[in-house]
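J.: Sequence:
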Amino acid sequence: MLPTIASKTLAEPTVRREACSGEQVLYIERLISKLRDAGPRVVLQHRDADLTGEAFLTTIFRYARALRNIAIGPETLVALLAPNHPDALAIRYAANLLGAAATFLSIPTSDAARTELLRQIAPDVLVVFPTTAASVSGSCEATVVAVGRTGDPALSRLDELAAVQADTPVPCQACPDDLAVVVSSGGSTGGPKGSWRSFAAYTAMVGVPSPTDRRQLVNGRLAYLSQVLVDITLLGGGCIVLQDTFDPATTLATIEQEHITDLFLVEPQLFELMDHPDLMRRDLSSLRSLTHIGASAPPTLRRRARERLGPVLAHTYGASEMGLVSLLPPGAYDPADLDALTCAGRVLPTVEIRFRTGDGSLVDPHEGGSIEVRSPAMAGGYLNRPDLEAAAFREGWYRSGDLGRLDAEGRLQILGRAVDVLAVGDLRLTPMMIEDVLCQEPSVRYAVVVTDHTAKTWLAASEGWPGSAVDVARCIEAVAAMYGPDVASRLRVHPIARVPCTEQGKPDREAIRRLEGLTPAEA
Numbered sequence: 001m002l003p004t005i006a007s008k009t010l011a012e013p014t015v016r017r018e019a020c021s022g023e024q025v026l027y028i029e030r031l032i033s034k035l036r037d038a039g040p041r042v043v044l045q046h047r048d049a050d051l052t053g054e055a056f057l058t059t060i061f062r063y064a065r066a067l068r069n070i071a072i073g074p075e076t077l078v079a080l081l082a083p084n085h086p087d088a089l090a091i092r093y094a095a096n097l098l099g100a101a102a103t104f105l106s107i108p109t110s111d112a113a114r115t116e117l118l119r120q121i122a123p124d125v126l127v128v129f130p131t132t133a134a135s136v137s138g139s140c141e142a143t144v145v146a147v148g149r150t151g152d153p154a155l156s157r158l159d160e161l162a163a164v165q166a167d168t169p170v171p172c173q174a175c176p177d178d179l180a181v182v183v184s185s186g187g188s189t190g191g192p193k194g195s196w197r198s199f200a201a202y203t204a205m206v207g208v209p210s211p212t213d214r215r216q217l218v219n220g221r222l223a224y225l226s227q228v229l230v231d232i233t234l235l236g237g238g239c240i241v242l243q244d245t246f247d248p249a250t251t252l253a254t255i256e257q258e259h260i261t262d263l264f265l266v267e268p269q270l271f272e273l274m275d276h277p278d279l280m281r282r283d284l285s286s287l288r289s290l291t292h293i294g295a296s297a298p299p300t301l302r303r304r305a306r307e308r309l310g311p312v313l314a315h316t317y318g319a320s321e322m323g324l325v326s327l328l329p330p331g332a333y334d335p336a337d338l339d340a341l342t343c344a345g346r347v348l349p350t351v352e353i354r355f356r357t358g359d360g361s362l363v364d365p366h367e368g369g370s371i372e373v374r375s376p377a378m379a380g381g382y383l384n385r386p387d388l389e390a391a392a393f394r395e396g397w398y399r400s401g402d403l404g405r406l407d408a409e410g411r412l413q414i415l416g417r418a419v420d421v422l423a424v425g426d427l428r429l430t431p432m433m434i435e436d437v438l439c440q441e442p443s444v445r446y447a448v449v450v451t452d453h454t455a456k457t458w459l460a461a462s463e464g465w466p467g468s469a470v471d472v473a474r475c476i477e478a479v480a481a482m483y484g485p486d487v488a489s490r491l492r493v494h495p496i497a498r499v500p501c502t503e504q505g506k507p508d509r510e511a512i513r514r515l516e517g518l519t520p521a522e523a
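Under the UniProt record's numbering, the residue at position 268 of the sequence shown is numbered 268, and the numbers go up by one with no gaps.
Misleading hints may appear alongside valid ones.
[Claimed, not checked] Simulated restraints on C-beta separations:
id, residue 1, residue 2, range
1, 122, 208, 18 to 24 Å
2, 362, 39, 33 to 39 Å
3, 307, 356, 23 to 29 Å
4, 141, 47, 40 to 46 Å
5, 410, 113, 58 to 64 Å
6, 352, 171, 33 to 39 Å
7, 307, 384, 45 to 51 Å
8, 428, 335, 23 to 29 Å
Bear in mind the hints are in silico, worked out from the structure with no lab data behind them. Note that the structure is a prediction, hence the values are computed from the model and not measured. Using N, Cα and C, we set each Cβ at its ideal position, and we do this for glycine too.
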């Protein structure tokens, strides 16, 4: 049985903001003001429901009072195992309004990993929904509350407690240095972890210009970049179209029907969208930017995406720990420029970047090396993980583990993860170099390559086009022609119906490693 709560009433809090040093207007204060200004204008669409600014504000205030009644306030943490739902967003904003921190948790596939994540994050309250309640084991030490019917009648219902609260404004209790937001990593390079930001840092992260007519489609998990896109859009006065998951046909239909202007996809989703048969029959004229980020993007596939989707394609480089670092906007995404198809654009004005060699020396940016970043929007570290924090966050800089350099035009070229480089003779090869060769083969629609350092080989999960099979022999020959027979002899090509992905949408590197030894049918 999961622990539950009993409702209690606390006194009206004093306004801590008056005692905070400085005069910074925090993101949550700006958000409340924007929703108030929106009034009867629709700011959030979910399934068949339209939510106006005033209605959403009412929901936030009611949830804030409900959370305060269960002792949530400054120096507490609210975690959510939540689908893409308006109530999930309202609860996060309500917690921040009270000066508490909030986090959307990722949902690892194994019980052990989920239990360990909760142990690491150590929330005071965990909010679950009907679709996520089963992900919590009985060993969870946090107070657990539910939104909606979960099948466990013993769980207290936060939504029912909120429904009887007053809808009048709740004063902001947050201070700039308070812990505000914990953002999950995808876990694609290890176990999931949470990078934390103060209200000041998170305000810097989401305080970027955004047009008032922006209609942002959000169909990625709120645990990752999606929550940032929601905040940026609402702070700019735009509208969010919220969907539960990514599906290429649904996404294309939604762009047409809802006149979507902006969309973000992880690369495997982008490549699935651009190859979908519905692409050519949908009206995508409302789309101004389709940004891809988060995984490997071979130049061959980027060129195909640009040719099929037109001059709306954009690319950014960043991570949950460091925020956005660089941007290649639609106008600079030139399919005729090979360097543009391999770069991540120019480093943003608020970001400092430097490069370090394997021996620890700083090097010229054009020579390149391991990327380190510093910016006002960067995370402060990993919550409750001092071991990982000490390795990655040093003297105000974040060590990304990615290799890169600045090209002759001053654009950031991302070469891949340092740990994925494999040396064969005088060649130092990254998985993307091999992916690009494979994706040029007529039988290959999409390929993801991971490095197996133990065997000194590369493992390639390769999707064929519908109705056809991957020509493994041709793939090996193509790599031999490009990089030599010694490199080709180390490549293991696994035809697969679909490249396995994490819940974030990134290629699941560990699942790809497990393909070794499986037959094509088993894969």
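J.: All the hints need checking, so say for each whether the structure fits it.
T.: Here is how each hint holds up against the structure:
no. : hint                  : in the structure
1   : 122 - 208: 18 to 24 Å : violated (31 Å)
2   : 362 - 39: 33 to 39 Å  : violated (52 Å)
3   : 307 - 356: 23 to 29 Å : violated (37 Å)
4   : 141 - 47: 40 to 46 Å  : violated (34 Å)
5   : 410 - 113: 58 to 64 Å : violated (41 Å)
6   : 352 - 171: 33 to 39 Å : holds (36 Å)
7   : 307 - 384: 45 to 51 Å : holds (46 Å)
8   : 428 - 335: 23 to 29 Å : holds (27 Å)
Taken one by one, the earlier hints fail for this structure at numbers 1, 2, 3, 4, 5, listed in ascending order.
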